[in-house]
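Asker: Listed below, chain by chain, are the residues.
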Amino acid sequence: MNVIRPQAAPGRPLAATQGLIDVDIHPRPTSLHDYDPWLSQEMRDRLHTYGMRPRHGFSKGPPYFKAMPLACRKDAWTPEGGVPASDPAFMARQHLDFHGVDVGVLNPLQPSGQGDQNNAFSAAMAFAVNEWQLHRWVAGDDRLRASVVVPYEDPEASAREIRLRGGDPRFCQVLLMSRTSHPLGNPKYWPIFEAAQEVGLPIGIHAFGYSGWAMTNGGWPSFYIEEVSEHATSCQSLVNSLVLEGALERFPGLKIVLIECGFGWLPSVAWRLDKHFPSLRHELPHLKRLPSEQIREHIWVSTQPIEEPPRPEQLLDCMDWIGWDRILYASDYPHWDFDDPRTAIPTHIPEAHRAAIFGANARRVYGF
Amino acid sequence: MNWLQGAIDADLHPMVPGLQALVPYLPPLWRDQIAQRGMEGFDTQAFPPNSPKTVRADWRPAAGPPAATIGQLRDQVLDPWGIARGIITPLYGVQLVFNEDMAQAFTAALNDWTRAEWLDRDPRLAASIVLPMFNPEHAVAEIERLAPDPRFVQAMVLVMGETPLGRRHNWPIFEALVRHDLPLAIHAGSTYRNPVTSLGWPSWYAEDYAANQQAFQSTLASLITEGTFQKFPTLKVVLLESGVSWLPAFLWRLSKTWKGVRFEVPWLQRSPLEIVRENVRLSIQPFDAPDDAETVQRLMDHLGSDEMLLWSSDWPHWQFDGPPRLPPGIGPDLARKICIENARATYSRLSQEALP
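In order, the protein sequences belong to chains Z and U.
Start counting the first sequence at 4; every next residue gets the next number (the working numbering).
Start counting the second sequence at 46; every next residue gets the next number (the working numbering).
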């Protein structure tokens, strides 16, 4: 059973001497009608008649039921009974003010139309969600930054949306879900990378979405606990693909930020690709550089849900292997597995590294 | 290579030189269909026969098929390296066949080929029972048929099946394995019922090979969360050609999530970390870590047990050049465990007389 923890006192982590930047906040609409002002009549009709059509069978809710309603903290429902993170003022009070967050990155998840079976609808929704972020969230709180939501299964339309938003400093990244219908390095998606590189935005990839394929490469699992575990495997596959397809070499300015994907697995993925590079590169003449070098240069990770090895120093090993300049603090507000910045980043991490994780690293990758 | 003297090699792959090799072991119905239907053989995408990865260059003969005779295995591995016992696991794609009856017949033929062409020809060898997994009754029957021969020391499934391995419809198979004290070996490779990534089909063979690392995580997650090890606490699972370095971080994450959502799997009373340490073993090739002693030692510390690794050459797959060597930073005590003692503890059926 999950319970509400007694309310902690407000406060900011002492080690956040270079700012406190939260790269993972999930705003929600109060209802789907919030998007109406930016949708055509046809798309409004579609939205309110058929709703989202993600690549799984249920028309409401996810195929693996969450641990909590909407996967949210129970105390994040607004005092008026509104859904969590639907009221900017309440979110600011409960999270930004409470923890002293200087900059918060908005990552709208569903219902956003990403990965919808219908590309035209997905593109229309992406535009609407982006406008909604600006009007509903960023306009009233200059600590917040929006993400460019794109209809990633239509890469040309995605590239148009990225170029439309590219010069606007209120947007800080392009947002994809991790479960795409093809492995992400596939040349199909290169228009997205090309546009992101052109406008100088990192690509944030948030764990989630439905690829339309079984959630493991050995078929559909039974449980939510497996789905959570499989976020790591889908992200591993996308990293493998980005490297082996040559996408990271083709777009040298590409910055990939993995959000809520876990990070403990990343060193092993890099080692494995390096280990097999001599025996597999026969078919990969397009690759010039060692996979681990590409990963080290192009990939950032976020902390939540932070790895909890049995012995604390093992976390240090893991962060050391990834690179202390590549790790960004994330809270995942308002979800049930939210990480409080004061307790989630263990104090056995040297203070200078904690300061980098809380602020300096995000400043550098996002250019805040 | 003193450290290797008397070692047990847990992962050797004889290659079936062609469908004709199985003909003597097939009933007439299927023997006839090979010719009648023009079947071209069951080599799989997981190990393309001509790819550099599948056969190390100096193990490819100038003429004739590689890894096809006991002479090749003796000359390339057993004799020069002083291997005491070797466990052979053919990866011929009989486990991919869609027709259940046909899969059963060809799987049985492959196991009989293994027995006649390999086990009968060298007393150092033991073997895996290749299981036809698309019909659990067939898989159980194959275990019952071959278990009386003590040279079959484990049963083998591919890591990417049609449904996650821990699913309850597979439990009669695990029950039979436990009854006969046979470990369940899970080998790299796919039955191709699903794309090899959860994001669809990749472009390159390299991605296909890399995808095994994800598959082993998903498969262990399934076995653990379905409660397989609660129901069969003595079931031993051996991961072959799985790589090693992914395991600790996978378990950190699964154990953490278990703490958060264990209400969903109330039968799971122990941390996945503990279960794996007790019930799961891994072969050491390919060892996917950097070639420096400090990192390897940290990784061994993360594994948290010196009883989990089994030595393997993965012959004839190309995992290393020249003679084998252990990862740097592994001292003589751990080396002996990896090469001999851990395998002995895992495979109670391996007869002891050939061991030093």
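By construction, these hints were calculated from the structure, which means they are not laboratory data.
Since the model is a prediction, treat every value here as computed from it, not as a measurement.
Just so you know, not all the hints are guaranteed correct.
[Said to hold, decoys possible] Straight-line Cα separation of at most 30 Å, DSSO-like style, residue types lysine-lysine; simulated pairs:
id	chain 1	residue 1	chain 2	residue 2
1	U	K276	Z	K291
2	U	K304	U	K276
3	Z	K291	Z	K191
4	U	K304	Z	K291
5	Z	K69	U	K98
Asker: Are the hints correct? Go through all of them and say.
Answerer: Structure-based check of all given hints:
no.	hint	result
1	U:K276 <-> Z:K291	violated, 49 Å
2	U:K304 <-> U:K276	holds, 20 Å
3	Z:K291 <-> Z:K191	holds, 21 Å
4	U:K304 <-> Z:K291	violated, 43 Å
5	Z:K69 <-> U:K98	violated, 42 Å
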